[in-house]
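Here the working numbering = 1-based position in the sequence shown + 6.
By construction, these hints were calculated from the structure, which means they are not laboratory data. Note that the structure is a prediction, hence the values are computed from the model and not measured. Check before you lean on any hint, since a few could be wrong.
[Unchecked claim] Pairs of lysine-lysine residues, derived as DSS-like cross-links and limited to a Cα-Cα distance of at most 30 Å, are as follows:
id, residue 1, residue 2
1, K36, K127
2, K190, K89
3, K27, K127
4, K89, K36
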Amino acid sequence: MAGRFISLEGGEGTGKSTQAKALVRAIESKGITVHLTREPGGTPGAEVIRNLLLTGQEDKWSMRTEALLFAAARAEHCHSLIKPALERDEWIISDRFIDSSRAYQSVSGLLSDQDIMALHKVGSGGLMPDRTFVLDLPEEVAARRADARDRGDSDRIGSRDSDYHRSVMTNFRQYADDEPNRVKLIDAAQSPADVTANLLHNLADLLG
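Input sequences plus hints: build the corresponding full structure.
So, in structure tokens, the structure goes:
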């Protein structure tokens, strides 16, 4: 079976990490080698950049610098982990990928979607997931879950205001409208088991 690349996207508190782990277990049960990873991060070098990005004050980086750092972390991630695994016909499940950069870093209006994708082409060869799941929750439910998870200690991106995060989710929903074959909007208000079942249903064509 050919290697496949699956990303999970969505705002804060939508359950991406939980569902990524559940997908790995389900796919491994079919005898497929699967790598669970995340962005920013996923390799030693990219994890160093993750720490630079997510810690410190909100004004630590300009939006352009932030976009370049995300692109650099992704370039290392693709070079060292994702592309080699796919060449070995293994699967990758990633908690966030390029669509997060598109959704989050374009909100300010300083960077267009074309700018972000140009950085992605230079750094990562324009690699796109075979399937992207956007986990969607009502805003107040997502905020409550994120608060319970972070216990008042959000990272510098998660701590941005509600208007910012509302715009991020609007972007994610737009990607699902624009690319329905790749990007699937998933109702994350269901039970975790039902969400996993829905994800697997939407992977049936890739699992064979």
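Going down the list of hints, with the structure as the test:
Between the alpha carbons of K36 and K127 the distance comes to roughly 33 Å, so the proposed pair goes past 30 Å and is violated. A threshold of 30 Å between alpha carbons decides the hint, and for K190 with K89 the separation of about 23 Å falls inside it, so the pair holds. Taken as a hint, the K27 and K127 pair is honoured in the structure, with Cα atoms around 28 Å apart against an allowance of 30 Å. Our distance criterion of 30 Å between C-alpha atoms is met by K89 and K36, whose separation comes to about 22 Å.
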